[in-house]
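S.K.: Here's the letter readout for the chains.
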Amino acid sequence: MHPTDFTLRGAAEALSEGAISAVELTRAHLDAIEALNPRLNAYVTVAADQALDQARASDERRARGEAGPLEGLPLGIKDLFCTKGLRTTAGSRILGNFVPPYESTVSANLLRDGAVFLGKLNLDEFAMGSSNTSSAFGPVENPWSRRNHPDTRLVPGGSSGGSAAAVAARLALGATATDTGGSIRQPAAFCGIAGIKPTYGRCSRYGIVAFASSLDQAGPVARTVEDCALLLRSMSGFDPKDSTSADMPVPDFAAACGRSMKGLRIGVPKEYRLEGMPHEIEALWQQGLEWLREAGAETVEISLPHTKYALPTYYIVAPAEASSNLARYDGVRYGLRVEERDGDLKDLYERTRAEGFGAEVKRRIMIGTYVLSHGYYDAYYLKAQKVRALIKRDFDEAFGRVDAIVTPATPSAAFGMHEKTDDPVTMYLNDVFTVTANLAGLPGLAVPAGLDAQGLPLGLQVIGRAFDEETVFAVGAALERAADFTALPSVRAGA
Amino acid sequence: MSLDTATVRRIASLARIRMGEEEVGRMQAELNGILGWIEQLQAVPTEGVEPMAGAGAVALRLREDVVTDGGIREAVLANAPDPEGEYFGVPKVVE
Numbered sequence: 001m002h003p004t005d006f007t008l009r010g011a012a013e014a015l016s017e018g019a020i021s022a023v024e025l026t027r028a029h030l031d032a033i034e035a036l037n038p039r040l041n042a043y044v045t046v047a048a049d050q051a052l053d054q055a056r057a058s059d060e061r062r063a064r065g066e067a068g069p070l071e072g073l074p075l076g077i078k079d080l081f082c083t084k085g086l087r088t089t090a091g092s093r094i095l096g097n098f099v100p101p102y103e104s105t106v107s108a109n110l111l112r113d114g115a116v117f118l119g120k121l122n123l124d125e126f127a128m129g130s131s132n133t134s135s136a137f138g139p140v141e142n143p144w145s146r147r148n149h150p151d152t153r154l155v156p157g158g159s160s161g162g163s164a165a166a167v168a169a170r171l172a173l174g175a176t177a178t179d180t181g182g183s184i185r186q187p188a189a190f191c192g193i194a195g196i197k198p199t200y201g202r203c204s205r206y207g208i209v210a211f212a213s214s215l216d217q218a219g220p221v222a223r224t225v226e227d228c229a230l231l232l233r234s235m236s237g238f239d240p241k242d243s244t245s246a247d248m249p250v251p252d253f254a255a256a257c258g259r260s261m262k263g264l265r266i267g268v269p270k271e272y273r274l275e276g277m278p279h280e281i282e283a284l285w286q287q288g289l290e291w292l293r294e295a296g297a298e299t300v301e302i303s304l305p306h307t308k309y310a311l312p313t314y315y316i317v318a319p320a321e322a323s324s325n326l327a328r329y330d331g332v333r334y335g336l337r338v339e340e341r342d343g344d345l346k347d348l349y350e351r352t353r354a355e356g357f358g359a360e361v362k363r364r365i366m367i368g369t370y371v372l373s374h375g376y377y378d379a380y381y382l383k384a385q386k387v388r389a390l391i392k393r394d395f396d397e398a399f400g401r402v403d404a405i406v407t408p409a410t411p412s413a414a415f416g417m418h419e420k421t422d423d424p425v426t427m428y429l430n431d432v433f434t435v436t437a438n439l440a441g442l443p444g445l446a447v448p449a450g451l452d453a454q455g456l457p458l459g460l461q462v463i464g465r466a467f468d469e470e471t472v473f474a475v476g477a478a479l480e481r482a483a484d485f486t487a488l489p490s491v492r493a494g495a
Numbered sequence: 001m002s003l004d005t006a007t008v009r010r011i012a013s014l015a016r017i018r019m020g021e022e023e024v025g026r027m028q029a030e031l032n033g034i035l036g037w038i039e040q041l042q043a044v045p046t047e048g049v050e051p052m053a054g055a056g057a058v059a060l061r062l063r064e065d066v067v068t069d070g071g072i073r074e075a076v077l078a079n080a081p082d083p084e085g086e087y088f089g090v091p092k093v094v095e
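Protein chains in written order, with the numbering used here: chain W, 1 to 495; chain V, 1 to 95.
It is possible that part of the hints are untrue.
Some chain V residues flagged as far from chain W (calculated, every beta-carbon gap over 10 Å) [to be verified]: (1) D4; (2) A12; (3) E22; (4) E30; (5) L41; (6) V67; (7) A80.
Looking from chain V toward chain W, a few residues come up when the C-beta cut is under 7 Å (computed) [said to hold, decoys possible]: (8) R9; (9) A15; (10) I17; (11) V24; (12) V44; (13) P45; (14) P51; (15) G56; (16) V66; (17) A78; (18) P81; (19) E84; (20) Y87; (21) P91; (22) V94.
Pulled from the structure, derived: some chain W residues nowhere near chain V, Cβ distances all over 10 Å [unchecked claim]: (23) D59; (24) A136; (25) E350; (26) A440.
Derived from the structure by calculation, the hints contain no laboratory data. Virtual Cβ for every residue (Gly too), placed ideally from N, Cα, C.
Construct the entire structure; sequences and hints are all you get.
M.R.: Here it is, written out as structure tokens:
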């Protein structure tokens, strides 16, 4: 078996049995990155020397009997997490050559538990996008391809496209990601892997480059549901440095993966049956529900009546928060600076931001500035906040009757790099099934469940009550066992 | 409602993004497409609904009013594109 084929759990066992060392495991991944990253462009920074140093230190800790829960496991870090001494770009030109003087809490938690960082993973600029084509460091390619058109290069989804592509192609055992409207779940589904956006407040946002602060949440992507559970346990936890961090105990998520489905009530929202949705996605959804019934769960039709307003609500709330958060990029304190001789301060700001931000980021800053501007605030922003309350109320009522909700993860399989680029709204529709969980602050997990006629992966989504990731993991693991998803992408290490 | 080019220029100025005429025209079309799509929210009845600002707890925690950090000038200035001594450098703002 090639070392990059281990699951995270499998690698942890191999390390603890002494079948492989952290240095060997890390070197195998670095070799795979060297071979495949020129094509996939999943990593924007490869930290080979640092990774090998960390792996050596890990092997020494293990020899001393001080192994942590993730001891010696090589991971990739989305380039939205600040990593001390290692360039962090957010996929943008405006951060220039920014080298953080501090570590994000989530990545610090992973290091505390013994993880090895292979490098920083590509993403849509400032995590704004669903295709990973808006990165200033070039697009990421999906390691999967269409059976009938193997030469059409497909997107990995976004914004965590580098994270999903790297894990699917076996360039990392797992990776960190973030999700503001679907940025963990949609790329996980497009790349045939698992990914969870936990409850808002579960993971600290400290040291994650901010996009929309009331929606942003960190979470893991990995090749199995259990691997996501192992990573999430390390990433989570109360952090006084994030005022919205939840002071809640962190359960053993992996233990929940084995729970029975008997007696569970699974909600099936009728509003998620979209007109024009590919038949294969509807069929996979029904298959998933059947698997859960066979495992002992009961499925119940529910209604989430404000679902169709979730995306327009998101495209007011998220740009409003983004326009405020991104005001900090001014060309003065860090990052890119563009100035003309004898220009004034406003000119410095305007030139820096014009050159530093890409087209999608500018669009969102413009929308956000407009909806927050004098005379329009009530009609747009306040209205969106009220509809957001109604979307949350829909879920509160549904969770009075059911324990979890199961939906498709995305309305389509991965699309081509040059498709869906003409109209921003068409791209926004990718997040139709995922964005509701962000608005309501709920945990959502994507799990690979089948292939479409072109041989591309399709995922299902499990949504749970706030801070009940355990039920989400239990349902996700039951779907994973029934689906027995063993298909592999054509581009992968060891292939 | 639909934005005219003067409004697009005003928003760009508020957002401190320099924009040429061609970009203003393109941005106008894109923004109007997005705002037209967002307009459907006006159909939702929201009388008496409390606006929801965030997904977390309703009240934010307060921390003790004590100094928790500081004395790290070098780290703060380390990424400055044009530092002047112990300060961030900017173009002259006062004549």
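S.K.: With reference to the structure, classify each hint as holding or not holding.
M.R.: Hint check:
no.	hint	verdict
1	D4	holds, 12 Å
2	A12	violated, 7 Å
3	E22	holds, 13 Å
4	E30	violated, 6 Å
5	L41	violated, 5 Å
6	V67	holds, 15 Å
7	A80	violated, 6 Å
8	R9	violated, 11 Å
9	A15	holds, 4 Å
10	I17	holds, 5 Å
11	V24	violated, 10 Å
12	V44	holds, 5 Å
13	P45	violated, 9 Å
14	P51	holds, 3 Å
15	G56	holds, 4 Å
16	V66	violated, 12 Å
17	A78	holds, 6 Å
18	P81	holds, 4 Å
19	E84	violated, 11 Å
20	Y87	violated, 10 Å
21	P91	holds, 5 Å
22	V94	violated, 11 Å
23	D59	holds, 31 Å
24	A136	holds, 16 Å
25	E350	violated, 4 Å
26	A440	violated, 7 Å
The earlier numbered hints that this structure contradicts are 2, 4, 5, 7, 8, 11, 13, 16, 19, 20, 22, 25, 26.
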